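Peer 1: Chain by chain, the residues:
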Amino acid sequence: MLECDRLHTYYGAAHVLFAVSLNVAPGTAACILGRNGVGKSTTLRTVMGLTPPREGSILFKGRRIDGLPAYKVARMGLGYVPEDRRVFAELSVEDNLLVAERQAEGGFGWTAERAFEVFPALQEFRTRLAGFLSGGQQQMLTIARALMGNPSMLLLDEPTEGLSPVMVKTLEEAILSLKREGLTMLVAAQDMHFAAKVADHLYVMNRGAIVYEGQRADMERDAAVIQSHLVV
Amino acid sequence: MGWRREAAPLLVLLATMAALPFLVGESDVYLANDFLITALFAMSFNLLLGQAGMLSFGHAAFYGLGAYTVALLYSKLGVPIVPGILAAPLVAGVMALAIGFFVVRLEGMYFAMLSLSFAQLIFSVVSSWYSFTGGDNGLPVSPPDWLLPTNAYYYFTLAVVSVCIGLLFLVRRSTFGAALAAIRENPQRAAYLGLNVRVYQLAAFVLAGALAGVAGSLRSPLQQMAFPSLLYWTQSADPVLMTLAGGVGAFIGPIVGAALFVLLTFVVTSHTDYPLFAFGAVVLVLVLFLPKGIVGTVEGWWDRRRAKPAPATPPQAAHAAAQQEGSRP
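Chains as they are written, first to last, in the UniProt record's numbering: chain A, 1 to 232; chain B, 1 to 329.
Worth flagging that the hints you see were computed from the coordinates, not collected in a lab.
Keep in mind the model is a prediction, meaning the values are calculated, not measured.
Glycine included, each C-beta is placed from N, C-alpha and C at the ideal position.
Among the clues, some could well be false.
What the hints assert, rightly or not - If we take Cβ atoms under 10 Å as the criterion, some of the chain A residues that face chain B in the derived model are:
(1) A70
(2) Y71
(3) R216
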């Protein structure tokens with residue numbers, strides 16, 4: 001579904017990603033593990049077209065998407081859930097969803113009503129301004145908002161970061177249920193706990209490069225290696 | 001925000017304006033007509049600034065084009081003013097499409113400056129092309145007999161302005177309006193949700209231009225003359241000031257600002273030659289002490305009084321997070 005080949009991304013003169021290659025097969029979930037600032041978010045932003053790569057290629061559903069503007073990438077069926085719960089604070093919950101509603105090729109037929117079924121807490125606050133939601137509710141909203149674009153693949157940037165344990169559990173269950181429905185995912189995360197639950201395939205990043213790649217089955221065996229890249 | 005809260009003051013205002021000719025004299029009705037047209041001009045501008053976050057400094061171009069469409073059709077082709085008023089939003093809208101094609105590529109101050117440049121370009125053409133536009137002598141317009149009485153033209157204006165403001169109200173409540181607000185809050189965020197930001201901004205620019213054209217087309221029959229000053233850059237400053245005075249975020253903000261502007265201009269011109277100076281001073285005081293404008297402040301006060309759980313604006317933290325999105329490694 002997604003094939004990234006030797007991506008090099010820069011912020012101005014700063015070289016941030018070094019030959020990042022990764023593949024996500026249809027219907028599977030891949031996880032990028034890594035500490036803060038190793039390039040996980042940049043990788044997702046690069047795929048989305050927000051920080052285009054200077055070298056390398058990105059294929060989505062077999063078509064080149066590197067160099068396309070973000071709105072075209074989104075319309076091809078790639079949903080993006082940014083870190084830090086970036087809702088439209090001045091819009092109501094409902095308007096946050098309606099703004100994002102569109103039919104992408106090969107989507108799953110999402111509507112606001114279906115999104116409310118996955119996240120019942122949002123239904124209750126549908127007319128409230130999104131800026132007044134709690135952190136967990138805002139995270140639910142950014143995921144629901146991405147679903148409204150009817151994506152065939154979702155990019156999730158640290159979806160459970162900074163949330164209460166109860167909320168983390170709720171979100172993990174929601175994400176797993178989306179995966180069971182057949183949604184392909186690429187998830188950035190900081191700890192193995194979440195990756196072990198969701199990921200079929202695992203990448204570990206350090207200093208802007210992929211330093212480990214493995215299957216879920218390998219995780220236990222390679223735990224020490226993976227951990228060594230996650231500690232400072 | 002509930003739509004009732006935004007619609008109620010509009011309906012009260014409509015009823016008041018409809019009753020006005022029975023309550024005041026003819027000269028006051030003329031002044032009220034001036035207010036209606038000015039209010040539509042300011043409201044069309046706030047579709048850009050308030051809804052889409054685009055600060056245009058060239059909005060008078062479309063106002064003036066509307067005025068000249070009526071005047072040129074009347075004096076060159078003998079077309080009566082009502083068809084002229086119908087044609088005005090088309091002419092202004094097409095010009096807004098042409099100018100918008102270039103200006104929406106820019107942001108912030110550059111957008112403001114380029115829109116100003118285009119407007120001044122059109123002003124130069126209109127004010128110096130004597131054989132066609134009459135230059136700074138202006139171009140006369142004569143309403144038909146049935147629109148000549150002050151009250152008749154007043155009700156005609158009230159009907160047209162009400163329809164246009166009703167349209168703006170629907171736009172604000174629509175998904176298109178929500179998309180513009182999303183772009184105003186964070187264009188990049190809107191883009192990765194699949195919104196083609198430039199196309200939405202261009203659509204807003206064209207709609208705002210067309211409605212400013214309607215306002216202008218009502219203006220020249222009122223004064224029975226179209227003047228190049230309607231396109232001049234100081235005319236572009238008027239809706240900016242009116243909107244800031246009334247409140248950018250509130251739907252009826254520009255209407256209240258326009259009322260203040262028209263009244264103040266009327267009072268001040270009888271004492272000095274510099275009405276804009278006086279209004280500017282008033283706006284300065286309002287912006288310093290009531291940053292949300294008159295309507296925004298009243299709404300905030302109303303909300304606190306009713307002790308709703310939600311205050312009038314979201315927490316600052318959300319805004320801060322929105323600002324830093326672009327530059328994060």
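Peer 1: Give a verdict on every hint.
Peer 2: Hints versus structure:
no., hint, result
1, A70, "holds, 4 Å"
2, Y71, "holds, 5 Å"
3, R216, "violated, 29 Å"
Going through the hint list in order, the structure does not satisfy hint 3, though it satisfies all others.
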